[in-house]
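Chemist: Sequence:
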Amino acid sequence: MQARGLPMAYVVTVGNQAQTGLSEIGKTLLTNPKVTALGLYIEDIDDLAAMVALAETARALGKPIIALKTGQSEQAQQAALSHTASLTGNDAGATALFERLGIGCVTSLSAFV
Numbered sequence: 036m037q038a039r040g041l042p043m044a045y046v047v048t049v050g051n052q053a054q055t056g057l058s059e060i061g062k063t064l065l066t067n068p069k070v071t072a073l074g075l076y077i078e079d080i081d082d083l084a085a086m087v088a089l090a091e092t093a094r095a096l097g098k099p100i101i102a103l104k105t106g107q108s109e110q111a112q113q114a115a116l117s118h119t120a121s122l123t124g125n126d127a128g129a130t131a132l133f134e135r136l137g138i139g140c141v142t143s144l145s146a147f148v
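At position 85 of the sequence shown (counting the first as 1) the number is 120 in the working numbering, and the numbers step up by one without a gap.
One or more of the hints may lead you astray.
[To be verified] Simulated DEER-style distance windows between Cβ atoms:
id: 1; residue 1: Ser145; residue 2: Leu83; range: 25 to 31 Å
id: 2; residue 1: Arg94; residue 2: Val47; range: 16 to 22 Å
id: 3; residue 1: Arg94; residue 2: Gly128; range: 19 to 25 Å
Just so you know, the hints here were simulated from the structure itself, not pulled from any lab data. Cβ coordinates follow ideal geometry from the N, Cα and C atoms, glycine included.
Working from the sequences, and respecting the hints, build out all of it.
Modeler: The structure is reproduced here in structure tokens:
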């Protein structure tokens, strides 16, 4: 990514979120001055209240969040379930939630980066 002129401060994976969730890690990253925006590759939303708090923190700090929600097809939902035991949930519902929270939503990896 650096070679493409897209500097990244951190790349973090959360696995199945058994102990630490995506929203918690995202909130911590946002407080770092090196982080100017946050990209989330989401299989499922670990905790709705925590996702709302993450969006509020980003808004207060003036740092945008972009989300790529996986599981848009039946095949992708099955892959997520077998990989991390994540139920990807309803794509339309997630999109509506992101819109309400001011989180930008993209549908492809190329748009994400």
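Chemist: Mind listing which of the numbered hints don't hold for this structure, in increasing order?
Modeler: none
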